[in-house]
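K.L.:
Put chain B on the given structure of chain A with help from the hints.
So the sequences go chain by chain: A and B.
Using my numbering, you'd call the opening residue of the first sequence number 1 and step up by one each time.
Using my numbering, you'd call the opening residue of the second sequence number 1 and step up by one each time.
In short, the hints are calculated from the structure, not lab data.
Be aware that a few hints might be false.
[To be verified] Estimated spans, in silico, between C-beta atoms of each pair:
no.	chain 1	residue 1	chain 2	residue 2	range
1	A	R155	B	T79	38 to 46 angstroms
2	A	A17	B	A118	38 to 46 angstroms
3	B	G306	A	D122	55 to 63 angstroms
[Said to hold, decoys possible] Partial chain A-side listing against chain B, Cβ under 7 angstroms, derived:
no.	residue
4	L53
5	N180
6	G185
7	G187
8	L191
9	S196
10	M199
11	W228
12	G229
13	G233
14	H258
Given the structure is predicted, the values throughout are model-derived calculations rather than measurements.
Cβ atoms here follow ideal geometry from the backbone N, Cα and C, with glycine treated the same way.
In case you want the letters, here they are:
There are 2 protein chains.
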Amino acid sequence: MIIDVHGHYTTAPPQLAAWRRRQIDSAGTPFTEKLVISDDEIRQTIGDSQLRLQKERGTDLTLFSPTAGGMAHHYGDETTSRQWTQTVNDLIHRVCTLFPESFVGVCQLPQSPGVSPANCVDELRRCVEEYGFVGCNLNPDPTDGYWTGPPLTDRFWYPLYEKMVELEVPAMIHVSMSCNPNFHGTGAHYLNGDTSAFMQLVLGDLFRDFPALKFVIPHGGGAVPYHWGRYRGIAQDAHRPPIEELLGNVFFDTCVYHYPGVRLLVEVVGADNVIFASEMIGAVRGIDSRSGHYFDDTKRYVDALGELSDAERIRIFEGNAKRVYPRLNKVLAAAAG
Amino acid sequence: MIIDVHGHYTTAPPQLAAWRRRQIDSAGTPFTEKLVISDDEIRQTIGDSQLRLQKERGTDLTLFSPTAGGMAHHYGDETTSRQWTQTVNDLIHRVCTLFPESFVGVCQLPQSPGVSPANCVDELRRCVEEYGFVGCNLNPDPTDGYWTGPPLTDRFWYPLYEKMVELEVPAMIHVSMSCNPNFHGTGAHYLNGDTSAFMQLVLGDLFRDFPALKFVIPHGGGAVPYHWGRYRGIAQDAHRPPIEELLGNVFFDTCVYHYPGVRLLVEVVGADNVIFASEMIGAVRGIDSRSGHYFDDTKRYVDALGELSDAERIRIFEGNAKRVYPRLNKVLAAAAG
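Next comes chain A alone, as it looks inside the complex (with noise of 0.2 angstroms):
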């Protein structure tokens, strides 16, 4: 089984993007429009795109949540931020419940810049209880571009990985869009979210405090895994514990979008901690005109790591995602049951 733990609903009906324009563009006064998609249109948005996608490419289920960059949780106020996301959460829950054998549901949270994420405590509950959601998205810098607000590891988060542990969900640590024109999105904010929430981790005790919190960081972790060296040789500087002791709690995915940079990444961060995904439809979504191949057909650069041994090749396409999400795994042993 192939198991991809990062794929956005970016191809949402259109009246989801204009919902949230006329919600937007309401902040400060009542917003009561209701959203209205059928199911004919999810079918169609989903079949034609990510579900078509994994038949091409044979992946089997998708760990799917609304658009990160549509996040954007720097929009109006908490009020704001939490409509929008109990709306995407539940246009992701009709997707799982369309297609239940190929979609397992991740969530947004409604976080808002200087809001508490006590906040969002709620909305996970809801998700993860209600909905069989297995996993959330987090923002580390819910200003979108401007990281205002305090690292991961401050006490300020806590109140939202206590429920994360008591829920047993991992997060993935995902920004959203940058309104700050020195980070384009996809192409820098992206990248440099995961590299600072890495190099966080490093100088904080969080994991001392949570030993069952698991974060996945996206899109092969950033920068990270290409300068190990350097994030093992500051950690030892700072007589702070060698790198690899996070790995208990922190895993990268392989949305790295060439063969090199898959290479490296196994060949640095280990099998047992890399997560097969592709982040697809995201990112980047042109068929390579060099090679005729997608760019982010991350599943092909996978196969030609000629050095794996099978079971390292499960690991990182079906097991680590069972592992770091409990609550898939019981969906898919029921499932089988």
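P.N.:
Below, chain B alone, put in the same frame as chain A:
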């Protein structure tokens, strides 16, 4: 000959930091104190550290600049930055005068948040024409961690670029310290700065306006080579030119502190665009307790690249530096008589 294009005077006598502390504390009032450091103190702090390491590692010449983290352009105002910049550039000039065979100068610029980079032209000219410096360090984020200025492709920066082209000096795009608690300096802000700068260049047409302008992106280009496929794909999706077209103007140094990273860098970017550097004595000062070698002894990683031809190796160690820093080439030609 082995040229290291990225070294900082991080070992300057303690008077320098004390002077700087008093200068910052005096911001808003005139500060006329003279920095007093003897030639012997310079000889000792260089001889015991950078010069010793050059000899131990078998490198010949370092392009030497003030401590990058110490540029700290956000302190005080433009006058503060200018006085500090002149002071540290003068100190670099003294190092290069005392050790002309081992160090060639690269200057800091008197940048200040919100102030036009036109204010840097005089100091750049002074360092190049009067001191014989061959390059400059350009901070893409003078706010030191909040990124509220315009991207490098904005016309805001053009007066500086015009002078760089006229003087035939490249810039290393190098952020300074981070005062944002989300970004560790050397473990996040440095790499994020490199990544963000490259992506700005992908989206802009800077080198159409300045075909002779050259940038070195340090720290192996941040996340960029590891994510080369992502950048190729984003450029293609955005109908931008292939990113390889940037390689006439953009070069990456080898400050990547493990072999798999340096191997990926050279494999992906190609030997024509990789320039040897160690950043020493800088971000990572320790000896790897596992290998027994300095993390930042990057020559070992390049030496270990078995697939390099002799010609490629010479380009990485020497040829590319001479090409990107034409004034260095002239200095070396003159010395060789």
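K.L.:
Work down the list of hints and note, for each, if the structure agrees.
P.N.:
Results for each hint:
no., hint, verdict
1, A:R155 - B:T79: 38 to 46 angstroms, "holds, 40 angstroms"
2, A:A17 - B:A118: 38 to 46 angstroms, "holds, 42 angstroms"
3, B:G306 - A:D122: 55 to 63 angstroms, "holds, 57 angstroms"
4, L53, "violated, 15 angstroms"
5, N180, "holds, 6 angstroms"
6, G185, "violated, 10 angstroms"
7, G187, "holds, 4 angstroms"
8, L191, "holds, 4 angstroms"
9, S196, "holds, 4 angstroms"
10, M199, "holds, 4 angstroms"
11, W228, "holds, 6 angstroms"
12, G229, "holds, 3 angstroms"
13, G233, "holds, 3 angstroms"
14, H258, "holds, 3 angstroms"
Hints 4, 6 from the list above are not met by this structure, while the remaining hints are.
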